[in-house]
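Novice: The lines below spell out each chain.
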Amino acid sequence: MTARKPADPAAGGFDNLVHAPNRLRICALLDTAGEAEFGVVQEQLGLSASVLSKHAGALMDAGYVEQRKAVRDTRQRVWLRLTRRGREAYHGHLAALRAIIGQGPDAEPPPPAVRG
Amino acid sequence: METDAGLSGRTPSPTPQEALAALAEAERIRASTTALSATPWPLWFTIALTIYLAALPLVYGGVVAEDSWLLPHATWWTVLMAMIAVFMASFAAAARSWRQRTGVALRLDVLPKRATVPLMIGAPVLVVGSAWAFRFTGQVWWVVVASAVGAAVSVGFHLAFVRLHGRGTHERAA
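These protein sequences, in sequence, are chains A and B.
If you're matching positions, the first sequence starts at 1 in full-length UniProt numbering and goes up one per residue.
If you're matching positions, the second sequence starts at 1 in full-length UniProt numbering and goes up one per residue.
Chain A with its partners taken away, still in its complex shape:
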């Protein structure tokens, strides 16, 4: 399978595929966790299985996320992780966002948003 190339070179590290809110959140979680079970990603992000499948599928098609299947308690579980390419795209995207708000690429992240 040929991975599509969603990053727009004209926009530096800005990545259209990663920028969609739920995909950005999936990338943020997988970047921090290293690898996470599908159900945990769903629970942490408050997404339905179908929405998570759709966005994870888009990230997998782009070669940003890979999955591993493992059996636990006689049930098959899917584990997701960012590929090297996905990690680079995610960090490049964060750097582009920081550039937009006028921070350097290595600047401290802004405080977390408060959920209403």
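For the record, the hints were derived by calculation from the structure and aren't laboratory data.
All C-beta atoms in this analysis are idealised placements derived from N, C-alpha and C, irrespective of residue type, glycine included.
Possibly wrong hints are sitting among the right ones.
[Said to hold, decoys possible] Just so you have them, the derived chain B footprint on chain A, three or more residues with Cβ under 8 Å:
| hint | region |
| --- | --- |
| 1 | 16 to 24 |
| 2 | 28 to 35 |
| 3 | 38 to 47 |
| 4 | 90 to 99 |
[Stated by the list, open to error] Here are a few chain B residues that sit away from chain A, every Cβ distance over 10 Å (derived from the structure):
| hint | residue |
| --- | --- |
| 5 | Thr46 |
| 6 | Ala48 |
| 7 | Ala65 |
| 8 | Leu71 |
| 9 | Phe87 |
| 10 | Phe91 |
| 11 | Pro112 |
| 12 | Lys113 |
| 13 | Ala115 |
| 14 | Val128 |
| 15 | Ala148 |
| 16 | Phe157 |
| 17 | His158 |
| 18 | Arg163 |
| 19 | Gly166 |
Chain B: place on chain A using the hints.
Specialist: Using the frame of chain A, we list chain B on its own:
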């Protein structure tokens, strides 16, 4: 609303406010996931780890002692090898159970480097250094102090994980 513009074409560049909101959301997810990754070990393994770290300087002290100290050298070697084997098996079981419970990968870099780097350097120095100091001076308190420090470090790190995990859980609930 979520859009799929990223799949089909270019989206307009976000405004600074939108970029800031996206970064803040990414940071919030990072913080809550870090808290999940900081889930403490099961209590049985924390106790096993504390006993192991407390026993290691004493047993290694027995191994390197110039003359037989309390037990013959061969017995100290056997105890050391058995202890390491049991610890490795316990670690593998605890790691598997931890992964199944949390649903995330086990990471050893959750705590800040200012805490973990001194530990990575200090722990071997403590175990090996105290045992050899015992050998050269014949003073048993070297290994006894190292044993107490090892146990204290184990409890301290466990409490740090409990605190980090609890803080993230409270932030999620707020």
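Novice: Grab the minimum beta-carbon distance between Gly166/B and chain A and tell me whether it stays above 10 Å.
Specialist: holds (17 Å)
Novice: Could you let me know if the closest chain A CB is still more than 10 Å away from the CB of Phe91/B?
Specialist: holds (18 Å)
Novice: Does His158/B clear chain A by more than 10 Å, comparing its Cβ with all Cβ atoms of that chain?
Specialist: holds (21 Å)
Novice: Residue count check for the region 16 to 24 of chain A against chain B: does it reach three with CB-CB under 8 Å?
Specialist: It holds, with 9 qualifying residues against the three required.
Novice: Far enough from chain A: is every CB of that chain over 10 Å from the CB of Phe157/B?
Specialist: Holds, because the least Cβ-Cβ distance between Phe157/B and chain A comes to about 20 Å, which exceeds 10 Å.
Novice: With d taken as the least Cβ-Cβ distance between Val128/B and chain A, does d exceed 10 Å?
Specialist: At about 31 Å from chain A, Val128/B clears the 10 Å cut-off, so the statement holds.
Novice: For Arg163/B, is the shortest beta carbon distance to chain A beyond 10 Å?
Specialist: With a cut-off of 10 Å, Arg163/B remains clear of chain A, as the shortest Cβ separation is near 18 Å.
Novice: If I take the minimum Cβ distance from Ala48/B to any residue of chain A, is it greater than 10 Å?
Specialist: holds (24 Å)
Novice: Would the least Cβ to Cβ distance between Ala148/B and chain A come out above 10 Å?
Specialist: holds (34 Å)
Novice: Can the region 38 to 47 of chain A be counted as covered by chain B under the rule of three residues or more with Cβ-Cβ separation shorter than 8 Å?
Specialist: holds (count 4)
Novice: Minimum Cβ separation between Ala65/B and chain A greater than 10 Å?
Specialist: Nearest chain A Cβ is 42 Å from Ala65/B, so the label holds.
Novice: Is the nearest CB of chain A more than 10 Å from the CB of Lys113/B?
Specialist: Consistent with the label, Lys113/B stays out of reach of chain A, its closest Cβ about 16 Å off (over 10 Å).
The structure meets every hint from the earlier list without exception.
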